[in-house]
Amino acid sequence: MADQYDDTYTESQVILTSVKIIAPFTLTYGLFMTFHGADTPGGSFQGGAIIGVTILMLAFAFGIEPTRQWLSNSTLVALIAGGVSIFLGVGLATMALGGAFLEYELFDEVLGIAPKWGMETIEIGGIALIVAGVVITLFFATASGFTPERGTDSSSSPGSVAGRGGDRDSENGGDDDD
Amino acid sequence: MTMSWFAYTLMVFILLTAVTTALFRDVLSAIVVFGAYSLGMAIFYTFLLAPDVAMTEAAIGAGVTTILLLLTIARTTRPSTDRLFERVHWPGVVAVGAFAIVLLWTVLPEMVAVGAEDAPVWANADVTQYYIQHTYDDTGVQNAVTAVLAAYRGFDTFGEAVVVFAAGVAVLIVLKREVFA
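These protein sequences, in sequence, are chains A and B. Numbering-wise, my numbering comes out as the position in the first sequence, counting from 1, plus 4. Numbering-wise, my numbering comes out as the position in the second sequence, counting from 1, plus 19.
Worth flagging that the hints you see were computed from the coordinates, not collected in a lab. All figures in this text were calculated on a predicted structure; none of them were measured in a lab. A couple of the hints might just be wrong.
As the list claims (entries may be wrong) - Quick list of the computed label-pair ranges, beta carbon to beta carbon:
#1 156(B) with 16(A): 51 to 61 Å
#2 29(A) with 188(B): 25 to 35 Å
#3 29(A) with 161(B): 19 to 29 Å
#4 73(A) with 66(B): 38 to 48 Å
#5 100(A) with 191(B): 25 to 35 Å
Yeah, the Cβ is synthetic: ideal placement off N, Cα and C, and Gly gets one too.
Please take these sequences and the hints and turn them into a complete structure.
What follows is the structure, encoded as structure tokens:
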């Protein structure tokens with residue numbers, strides 16, 4: 005694996021400082037929105053998106069490649085596939101208890117768990133994980149771009165015809181990820 | 020509900036940003052203005068008493084979409100241009116403008132004020148009132164939107180969650196990659 009970092013990255017004191025200050029708050033806000041979505045406006049879809057955006061902010065401030073290497077592929081697979089599995093699992097659990105798909109009342113009747121907790125499980129454990137994982141995936145997949153079939157052909161990548169400033173090189177930094 | 024001067028200013032801001040998004044020739048400028056448009060819409064949704072939609076618009080519209088579009092032009096080309104705005108095609112503007120005026124002329128007088136008591140959404144006691152009255156007893160959560168999404172139509176929401184999952188997988192297929200990160 006070549007230790008080749010994304011060349012579109014330029015260290016900016018302003019972005020770095022603001023992200024360092026803002027990121028804890030956006031992460032907390034996203035978690036709050038996810039966990040409190042049952043009783044206040046918001047919910048796991050919005051909360052999951054904000055949690056995902058926090059990672060995107062970190063990638064903007066600290067560079068896309070270091071963030072990608074810090075965030076392993078198995079973490080994202082666990083987020084996305086785990087979210088779908090938890091959602092499906094809750095739905096199938098109610099069917100196993102003899103009811104319909106996602107009939108939370110059965111948790112109350114059979115196990116003594118309030119129906120609210122079934123909903124919280126699919127909100128927090130299902131939708132939030134899926135949305136956060138997919139937002140991060142869309143970002144990193146787009147950032148790495150199309151992986152060429154034959155080696156790295158960096159000299160003819162389209163960035164060189166873009167007429168950018170000197171800090172924007174034409175290197176295609178998405179070939180060192182597996 | 021009477022709209023405050025702030026809401027009217029916001030409407031002008033939204034219209035201006037929407038039109039300039041279409042007019043800007045430089046892609047980067049268009050993306051930045053489009054982000055401002057989404058932010059304006061997010062604030063405007065709170066005036067329409069839809070905080071859930073406002074949060075989605077702020078997170079997805081102003082946040083994720085802007086970042087993904089910026090990333091896309093960083094990865095592709097950004098054609099250099101000497102003109103600030105697109106050349107306007109006036110016959111097209113006249114045709115679309117006439118169509119918009121006819122639409123607004125027919126639709127706007129029929130619309131009821133936001134929060135009016137005779138609005139169909141309130142007057143239809145069988146649907147809206149049912150959820151407002153029964154949500155807490157049925158599901159134990161206070162946010163009726165969450166209750167509808169996760170309980171009353173939970174199977175649909177499962178379909179939506181799988182669609183989001185499929186979107187992530189589809190991006191990997193299109194980009195011919197096998198890893199998420």
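Problem set entry | Violating hint indices (sorted, rising) | none
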